[in-house]
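*Asks:* Heads up: the protein sequence lines correspond to chains A and B, in order.
The opening residue of the first sequence carries number 615 in this note's numbering; numbering runs sequentially from there.
The opening residue of the second sequence carries number 4 in this note's numbering; numbering runs sequentially from there.
None of these hints come from the bench; they were simulated from the model.
Beta carbons: idealized from backbone N, C-alpha and C, even for Gly.
Careful, some of the hints might be misleading.
Unchecked claim - Within a straight-line C-alpha distance of at most 20 Å, the following computed EDC-like cross-link-like pairs (lysine to aspartate or glutamate) qualify: (1) A/K795 - A/D782; (2) B/K191 - A/E788; (3) A/K698 - A/E788; (4) A/K741 - A/D730; (5) A/K723 - B/D59; (6) A/K723 - B/E187; (7) A/K806 - A/E825; (8) A/K698 - B/E187; (9) A/K723 - A/E738; (10) B/K109 - B/E187; (11) B/K191 - A/D718; (12) B/K256 - B/D71; (13) A/K806 - A/E788; (14) A/K698 - B/E195; (15) A/K698 - A/D637; (16) A/K723 - A/D745; (17) A/K723 - B/D71; (18) A/K795 - A/E824; (19) A/K806 - A/D782.
As the list claims (entries may be wrong) - Here are a few chain A residues that sit away from chain B, every Cβ distance over 10 Å (derived from the structure): (20) F645; (21) D652; (22) S737; (23) A739; (24) D900; (25) D958.
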Amino acid sequence: MLFSNDIAPGDAENVVPSLTISDLRLSYGSFEALKGIDLEIARGEFVALLGPSGCGKTSLLRCIAGFNQPTGGSIALSGTDLTKVPTRNRNIGFLFQSYALFPDMTIEKNVRFGLDCRGVARSEAAKRVQDALELVGLSNLATRYPRQLSGGQQQRVALARAIVIQPDILLLDEPLSALDKQLRQRMQTELKELQRSLGITAVFVTHDQEEALTMADRIVVMRNGEIRQIADPEALFSAPSDAWVCEFVNAGNLYHGKVETHGDDMVGVRLGDHSSFRARRVEGLDPADSVIFSPYHAVKAHPAPSGTGLKVAAVRYLGLAAELQIPDGDNILRVQVPVAQAHDFPVGSFVTLSADPDDCGVLPLGGIAPTGMATP
Amino acid sequence: MSAATQGSGLVRTRLEATALMLPIYIYYSIFLVLPYMLMFYLSIQRYDPVELYSNDIDFSNYVDVVTDPFYLGLFARTIGISLFVTVVTVIMGYPLAISITSARGKLKAFMMILVLSPLLVNLVVRSYAWLVLLGDNGVINSAVMALGLTDEPLAINRNWISVSLGLIHISLPLMVLSLVAIMERFDKSVFEAARSLGAGEWRILTRLHMPLALPGIAAGSLLVFCTVISTFVTPQLLGGHRFSTISTVIYQKFTFSLNWPLGATLAFLLLAINALVIFAHGMMFRERHRERAAQ
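The shape of chain A in the complex, shown without the other chains (with noise of 0.2 Å):
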């Protein structure tokens, strides 16, 4: 075993702060990469930074690694400040999109050079870089150079290069994005079932809000330098903090109209002639400055006698749920029902919706210009 974690991740009472990001800001000249980011990130927790390109979750990692150094605000790792460490010294992990293997090294020197860094003995290395090679399932190509392995078992190899120095972190700055879509999703269970073996702590940027869904335990969602939110992969889906953050995740539709009040808690908004949608009031949250917003699992479609209601303008097959979209006034909502009964709901045919208010919510805009919302 090449570890030893004795606090089991996820273990809320158990927390233990790995890394504290206190503050931190990024300029490159008048342009700021990071505006004041604050995160905490317990020991053996895997977190996914996700955004769009130049939202900062790059520039974030490589503070963290110290191949950036921050402008201001600090980062400590175990109440340890790293902000004035070097990079060598900080004992990190560090995945690259490009693998980032040494091409003149065997795979066995490349996994060794860490242990050479640290001046490990060679019989002891030896043993550490065979281990790390049988947990990544490569010990039989450790003679080979990088430029003969395929981009999966390149990625595998420095992950083994990574972990074999047993970092206090691992940070993997969007590890698969250069590989097919079939290994990357093989990788990502991999990689995950890897990370939960052996406690490792890993922050880990991707802009692909499914790779982020499938691998972390926490996300953290980032735009233009801020962190707009901090949420599990199901708090994320069933409460986005905001429309854009709601738009950017796909969490559901957002209707777009005049929201109004009805009576003391609810808030409703009228679509077309044929659908409005409600949802309980938040408390501070100016009903004109808002959307309301209905995850996909809270909208049921039922089929309605012809030339009534709504009408299914297209179906989209996605897997087990089919996703058909229904036109009313500017708004196309987007309603997902199970394969089977798709074939209910062909298009041209009509159909009335209903969505529980409890289910539904109230989001701020968030920055997102408010027309064409729920467009596809």
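Take the given structure of chain A and dock chain B to it, following the hints.
*Replies:* Just chain B, lined up with the frame of chain A:
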């Protein structure tokens, strides 16, 4: 297939390809291959004081040269100074290439212009500039003597020092360009990976950077060595009579002693050395390129 679709490329047939290449074939045949052949024919004739050369065809000139200690010394000196200049340009050019590669924007452009600027000035002018600096009454000696550090001029002119300085000056840009060309292609994340694994800068330089730059070092060395070993103006002007190289001796044989066969022999031996070096470089790096291509 119709002619119209076939004609999308410029060259359609082998005949057309040959036709297009004809001017360059003719040019090289008349102005390169033919003179070489004539030179070689010259080198296997005998020197004759009256007729310049006589039609006794044998390889005696070659035998004479390789058995004469004077010429062996000349070859050793020329190869020696070329190797010396090559090594110095690697040592000086490597850090320069690193800083050019890591510079950005305007600074990078400025550094490149600075490195290339020696190539923009005529070789003769540059060599005379060195004479102004290094001569017995030159800037350096005047200054040193005015300061009373020495009574006699320093021995920095018309010897290997002045010739080396001049040769380094003309060949450093070739080395730096070769090194920058390969360093620009480096994946920077490789060095970041090494840093994350705990490597210090020295380890990164010797275990990663230099092995990766090796093809560039070799290409630059080849370029510098082959240029320096056959260059004429710099050793002629800065070496004078006291420091001669193969090319200055060839010049003497042709213009002063009028021993054309011997001059041609020396020229062909110089060509042979260059060919040998290029061949050796090809052998050493062909394998690597093949492996990389197979990636």
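*Asks:* Hints first: check each against the structure and report whether it holds.
*Replies:* Hint check:
1. A/K795 - A/D782: violated (30 Å)
2. B/K191 - A/E788: holds (16 Å)
3. A/K698 - A/E788: Answer violated: A/K698 to A/E788 is near 26 Å, above 20 Å.
4. A/K741 - A/D730: Status holds; Cα separation ~13 Å.
5. A/K723 - B/D59: violated (63 Å)
6. A/K723 - B/E187: violated (25 Å)
7. A/K806 - A/E825: holds (11 Å)
8. A/K698 - B/E187: Violated: A/K698 and B/E187 sit about 29 Å apart, past 20 Å.
9. A/K723 - A/E738: holds (14 Å)
10. B/K109 - B/E187: holds (16 Å)
11. B/K191 - A/D718: holds (15 Å)
12. B/K256 - B/D71: holds (16 Å)
13. A/K806 - A/E788: Measuring from Cα to Cα gives roughly 14 Å; hence the hint holds.
14. A/K698 - B/E195: holds (17 Å)
15. A/K698 - A/D637: holds (16 Å)
16. A/K723 - A/D745: With Cα atoms ~14 Å apart, A/K723 and A/D745 stay inside 20 Å; holds.
17. A/K723 - B/D71: violated (52 Å)
18. A/K795 - A/E824: Answer holds: A/K795 to A/E824 is near 12 Å, not above 20 Å.
19. A/K806 - A/D782: Judged against 20 Å, a Cα distance of about 17 Å means the pair holds.
20. F645: Since the minimum Cβ distance to chain B is about 15 Å, A/F645 lies beyond 10 Å and the statement holds.
21. D652: Correct as stated: the minimum Cβ-Cβ distance to chain B is 24 Å, above 10 Å.
22. S737: The claim stands: A/S737 keeps its Cβ more than 10 Å from every Cβ of chain B (closest is about 20 Å).
23. A739: holds (13 Å)
24. D900: Holds: least Cβ distance 46 Å, greater than 10 Å.
25. D958: Consistent with the label, A/D958 stays out of reach of chain B, its closest Cβ about 52 Å off (over 10 Å).
In this structure, the earlier hints numbered 1, 3, 5, 6, 8 and 17 are contradicted, and the remaining ones agree with it.
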